[in-house]
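Residue numbers 16 to 134, in this note's numbering, belong to the letters of the sequence shown in order.
If you're looking for bench data, these hints aren't it; they were derived computationally from the structure. Incorrect hints may have been included.
[To be verified] Per label pair, the in silico range of CB-to-CB distance: (1) Val-110 / Thr-51: 36 to 44 angstroms; (2) Val-110 / Ala-90: 57 to 65 angstroms; (3) Leu-96 / Phe-73: 39 to 47 angstroms; (4) Glu-49 / Arg-118: 29 to 37 angstroms.
Built from N, CA and C at the ideal position, the CB exists for glycine as well.
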Amino acid sequence: MPQEPIERRVVVTGPPRRTRRASGYSRPRTEIDEQTTLGHTYVRSLMRTQLRAALTVFAVLVLLVGPLPLVFAAAPGSRRLEWLVLGFCLYAPLVLLALWYVRRAERNERDFVRLVEDR
16 MPQEPIERRV VVTGPPRRTR RASGYSRPRT EIDEQTTLGH TYVRSLMRTQ LRAALTVFAV
76 LVLLVGPLPL VFAAAPGSRR LEWLVLGFCL YAPLVLLALW YVRRAERNER DFVRLVEDR
């Protein structure tokens, strides 16, 4: 008597076809892509923090460079003082200010990406 072949079961694994969404919640990235009011609020908050950093740098720059014409007018005929102030005393603070601004802008963007990607 021939034996009947045994049926083999094959288990197929793969990514789930359906995922459950939390009710009433959509991802911030979707909100931004679909340009909803909430997405607009997210982008506006990023723009506001970037503007705050830029205005801070601008204010420090005005306070640093603004009084220089008065300083130069108070000491007429002193070309050495002008070059010393412009070349040596002003260069380092400007570079430090630029570095601070770039780091602040990148940190703002990282915080925004963390806000949008996580949850």
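Those earlier numbered hints the structure runs against, lowest number first: 2 and 3
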